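Visitor: Residue numbers (my numbering), protein chains in the order written: chain L, 2 to 111; chain B, 360 to 471.
Hints may contain errors.
Pairwise CB distance ranges (calculated) [unchecked claim]:
| no. | chain 1 | residue 1 | chain 2 | residue 2 | range |
| --- | --- | --- | --- | --- | --- |
| 1 | L | Thr78 | B | Pro373 | 45 to 55 Å |
| 2 | L | Ser28 | B | Gly375 | 34 to 44 Å |
| 3 | B | Pro373 | L | Asn25 | 15 to 25 Å |
| 4 | L | Pro40 | B | Ser417 | 21 to 31 Å |
| 5 | B | Asn422 | L | Pro111 | 21 to 31 Å |
| 6 | B | Gln414 | L | Pro82 | 20 to 30 Å |
| 7 | L | Ser31 | B | Ala398 | 46 to 56 Å |
| 8 | B | Gln421 | L | Tyr97 | 18 to 28 Å |
| 9 | B | Val410 | L | Glu16 | 41 to 51 Å |
| 10 | L | Ser31 | B | Asn422 | 27 to 37 Å |
| 11 | B | Glu418 | L | Ala79 | 38 to 48 Å |
Derived from the structure by calculation, the hints contain no laboratory data.
All values derive from a computational prediction rather than experimental measurement.
For every residue, glycine included, the Cβ atom is placed at its ideal position computed from N, Cα and C.
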Amino acid sequence: TQLLEQSPQFLSIQEGENLTVYCNSSSVFSSLQWYRQEPGEGPVLLVTVVTGGEVKKLKRLTFQFGDARKDSSLHITAAQPGDTGLYLCAGKGGSYIPTFGRGTSLIVHP
Amino acid sequence: SQTIHQWPATLVQPVGSPLSLECTVEGTSNPNLYWYRQAAGRGLQLLFYSVGIGQISSEVPQNLSASRPQDRQFILSSKKLLLSDSGFYLCAGTGVVNTEAFFGQGTRLTVV
Numbered sequence: 002t003q004l005l006e007q008s009p010q011f012l013s014i015q016e017g018e019n020l021t022v023y024c025n026s027s028s029v030f031s032s033l034q035w036y037r038q039e040p041g042e043g044p045v046l047l048v049t050v051v052t053g054g055e056v057k058k059l060k061r062l063t064f065q066f067g068d069a070r071k072d073s074s075l076h077i078t079a080a081q082p083g084d085t086g087l088y089l090c091a092g093k094g095g096s097y098i099p100t101f102g103r104g105t106s107l108i109v110h111p
Numbered sequence: 360s361q362t363i364h365q366w367p368a369t370l371v372q373p374v375g376s377p378l379s380l381e382c383t384v385e386g387t388s389n390p391n392l393y394w395y396r397q398a399a400g401r402g403l404q405l406l407f408y409s410v411g412i413g414q415i416s417s418e419v420p421q422n423l424s425a426s427r428p429q430d431r432q433f434i435l436s437s438k439k440l441l442l443s444d445s446g447f448y449l450c451a452g453t454g455v456v457n458t459e460a461f462f463g464q465g466t467r468l469t470v471v
């Protein structure tokens with residue numbers, strides 16, 4: 002069974018601070034996705050990383066896929082209250098069923 | 360683009376009543392479809408998945424069932440709801456080529 006461990010589980014920071022969320026596994030994934038979910042809504046895809054070592058940037062968000070394709074990180078620069086939400090990572094491995102992490106709940110205080 | 364329509368958004372049902380949640384897919388054919396349940400602010404628990412019409416696999420034993428009567432229709436049901444069935448239910452899909460999951464808006468079910 003492929004597992005994705007996300008850390009930290011909860012994060013409460015002030016506006017303007019930087020933060021990093023981690024997604025780790027002992028398994029290799031052919032691709033990994035990051036989603037953001039607001040309360041009462043479904044998760045929305047932010048990015049997909051495919052190549053080991055790949056770095057993608059989405060405005061103030063930087064996503065990195067580990068060289069061995071077993072881990073990934075999401076870094077947010079100068080967080081804003083609008084970044085508040087649940088961040089989920091998901092991996093595509095040997096099964097067609099995506100494996101989801103348990104999520105990181107982020108609160109950014111104004 | 361791939362879209363999932365899921366309804367209703369919120370539902371309050373008495374214990375022992377039946378349940379039917381439906382989602383429909385647009386923008387892709389022959390998707391894999393999933394029903395998830397999510398505790399407040401936490402990750403997704405996979406309940407059922409389907410790779411085609413009439414094909415349902417269950418991940419956890421429970422009071423719920425799922426059906427896929429059409430390629431783009433996925434239904435979550437119960438004959439008699441329990442208090443423990445309360446939660447946030449999400450329908451999701453993955454395409455044949457594109458394996459990124461796309462989600463419906465979710466249904467907040469409260470069993471009273």
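Visitor: For every hint, state whether the structure bears it out.
Guide: Results for each hint:
no.: 1; hint: Thr78/L - Pro373/B: 45 to 55 Å; in the structure: holds, 49 Å
no.: 2; hint: Ser28/L - Gly375/B: 34 to 44 Å; in the structure: holds, 42 Å
no.: 3; hint: Pro373/B - Asn25/L: 15 to 25 Å; in the structure: violated, 43 Å
no.: 4; hint: Pro40/L - Ser417/B: 21 to 31 Å; in the structure: holds, 28 Å
no.: 5; hint: Asn422/B - Pro111/L: 21 to 31 Å; in the structure: violated, 42 Å
no.: 6; hint: Gln414/B - Pro82/L: 20 to 30 Å; in the structure: violated, 44 Å
no.: 7; hint: Ser31/L - Ala398/B: 46 to 56 Å; in the structure: violated, 29 Å
no.: 8; hint: Gln421/B - Tyr97/L: 18 to 28 Å; in the structure: holds, 22 Å
no.: 9; hint: Val410/B - Glu16/L: 41 to 51 Å; in the structure: holds, 45 Å
no.: 10; hint: Ser31/L - Asn422/B: 27 to 37 Å; in the structure: holds, 35 Å
no.: 11; hint: Glu418/B - Ala79/L: 38 to 48 Å; in the structure: holds, 40 Å
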